[in-house]
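Sequences listed follow chains Y and L, in order. Per numbering that gives the first Met the number 0, the first sequence starts with residue 0, numbered consecutively. Per numbering that gives the first Met the number 0, the second sequence starts with residue 0, numbered consecutively.
Treat the hints with caution; some may be incorrect.
Unchecked claim - Here chain Y is said to cover these stretches of chain L; the calculated rule only asks that three of the stretch's residues, wherever they fall, bring their Cβ under 8 Å from a Cβ of chain Y:
#: 1; segment: 102-115
#: 2; segment: 130-136
Unchecked claim - Only pairs whose alpha carbons sit at most 25 Å apart, straight line, appear in this in silico SDA-like list of lysine to any residue:
#: 3; chain 1: L; residue 1: K220; chain 2: Y; residue 2: R277
#: 4; chain 1: L; residue 1: K220; chain 2: Y; residue 2: L89
#: 5; chain 1: L; residue 1: K220; chain 2: L; residue 2: P98
Simulated from the structure, these hints should not be mistaken for laboratory data. As the structure is a prediction and not an experimental result, all values here were calculated from the model. For every residue, glycine included, the Cβ atom is placed at its ideal position computed from N, Cα and C.
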Amino acid sequence: MTVTDLGNRVAERAATRPRHFWTIPRRDALVGYLMISPQLAGSALFVLLPLGLVVYYSLQEWNVLAGTFEFVGGDNYAKLLADPNMGQVLTSTAFFSVGLVVLNLTLALTLAILLDQRLRGTTFFRTLFFSPVLVSLVAWTIVWQFLLQQDGGVNGLLGVAGVDGPNWLRGETTALLSVVVVQVVKNVGLNMVLFLAALQGVPRQLYEAAQLDGAGAWTRFLRITVPLISPTILLTSIITVVGSLQVFAQIAVLTQGGPGMSTTVLVYYLYQQAFQFRHLGYGATLSVLLFLIVAALTLLQWRLRRRWVFHES
Amino acid sequence: MSRRVKLALYALLCVLCVPFVFPTWWMVTSSVKPISDIFAFPPSLVPSRFDFSTYGRVFELQPFGQQYLNSLYIAAVVTVGTMAVAAMAGYAFARIRFPGQNVLFLVVLVGLLIPSEVTIVPLFQMFHTAGTTDTHWPLILVPILGAPGVLATFIMRQFFITLPGELEEAARVDGLGRFGTFCRVALPLARPALGAVAIFTFLHSWNLYLEPIVFLSTPSKFTLPQALTQFVDAYGSPLWNVQLSAATMTALPILVVFVLAQRQFIEGLAHTGLKG
């Protein structure tokens with residue numbers, strides 16, 4: 000066999016075999032795998048692996064200084080059940096989440112309806128209501144911390160109206176309420192924009208027809224608006240519930256969980272246990288609890304969607 | 000609508016926007032007030048005279064310039080990285096067929112269910128083992144590839160699903176491969192979705208607080224949110240005027256940029272949110 004023959008045969012193979020193997024669907028599949036590979040590797044390394052590890056760590060006590068692990072079985076879970084703080088923490092968390100979701104969605108929908116009216120300057124107001132979303136979170140919180148002091152701006156304004164305001168961040172109820180309000184004002188603009196988009200998708204003729212049939216404003220709202228924007232209500236409520244369970248910076252800056260434990264929500268408690276008191280095993284156990292709560296709530300809302308979401312695109 | 004109703008609506012809107020506007024206004028104006036003005040009663044809406052000295056103090060008390068740079072470059076890298084990773088994965092999941100696609104998509108979607116707080120303990124341990132605590136690696140890698148990036152992938156996938164298939168067929172007939180079609184045809188069309196992802200991602204990185212305070216311990220490596228809380232006197236009480244100047248410098252540039260581009264911005268968000 001001469002060199003040229005060999006060369007010819009190699010060229011022949013290169014021309015035929017790969018073409019047989021690398022059909023268009025196969026080539027597509029390869030490109031597909033390559034394109035998802037960074038995301039897939041990231042999910043494996045930074046989502047699934049830590050999720051497995053968090054369960055594993057919850058069965059260990061981890062000594063940070065010595066760098067040792069000790070298997071303690073269900074001890075951390077027993078500790079969780081017996082933890083005298085848990086009642087308070089879960090109550091604060093529930094109160095906080097419910098308050099936040101109710102206030103946020105009501106205000107977002109109210110603002111969206113107001114801005115959906117045929118008025119001049121709604122774009123301007125929309126920008127104003129939306130602007131806190133863009134202010135850096137800790138900067139926003141620091142300003143409110145100042146405003147909510149005993150001699151701060153809020154009480155100053157109340158004083159002008161002749162009302163003597165409390166020391167907002169030092170009272171148990173007012174502290175929790177303050178964190179909720181600060182958070183709602185910060186982020187309600189996001190939900191407002193989603194509601195506005197949904198409202199603009201409701202056909203005007205429906206309102207006109209209902210009005211001809213003698214339906215009042217309230218009936219039109221309940222029978223037309225709410226059912227037609229229900230997918231958006233579902234979406235925003237899921238985002239807001241899960242978001243409410245993640246609120247950390249506001250509490251760390253505004254109240255450090257106090258006074259007492261009144262604003263120590265689950266995430267803040269987790270941070271304290273794991274990174275301030277260095278009980279990483281117990282911190283992992285609290286993480287498992289947080290995950291279960293988030294998963295249960297998301298699943299519940301998803302199930303409920305069939306009951307109350309009027310249509311789905 | 001009658002004139003009266005209109006007037007009432009305007010009045011209502013004006014009252015409602017006070018808590019939305021006042022804190023920002025107050026932050027910016029107070030940062031240039033002399034300290035006596037900050038505590039004035041009743042609170043003053045405009046500075047009696049301008050005092051810019053606290054802006055200098057911000058840089059004396061902390062390596063604020065470095066911290067600003069840290070936040071900026073981390074947010075920029077995370078934004079660009081997320082856009083690239085999410086656009087590719089979103090496109091592949093939406094438009095390419097390959098075996099195991101649905102299962103793999105579900106695997107990725109788990110990230111949507113998991114708040115980053117749940118995995119902070121093991122992530123800390125992982126980066127600790129790798130010797131990368133007190134570096135910026137966790138603040139860059141986790142947002143791009145981990146749970147926050149999954150939302151971006153989901154948004155991109157929802158967008159690519161809506162693209163008409165004929166466009167791609169035309170590109171193929173013209174001899175473009177899959178990746179070529181993605182780069183030359185799909186990606187340029189995806190600008191609104193990419194814009195929304197960019198904004199979401201930038202803000203998320205810019206606001207990150209738990210992760211920096213867990214991972215970083217050297218002040219020169221701090222990011223802005225973490226740095227803002229460090230302007231305290233020897234007794235741990237906040238230096239209000241300095242803090243407010245630093246807060247203004249953190250908040251104002253972003254606010255100005257987005258107010259200028261607010262139309263595209265809000266519409267982009269609304270568009271994407273509805274489809275999510």
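Tested hints:
no.	hint	result
1	102-115	holds (count 9)
2	130-136	violated (count 0)
3	L/K220 x Y/R277	holds (22 Å)
4	L/K220 x Y/L89	violated (35 Å)
5	L/K220 x L/P98	violated (44 Å)
Taken one by one, the earlier hints fail for this structure at numbers 2, 4 and 5, listed in ascending order.
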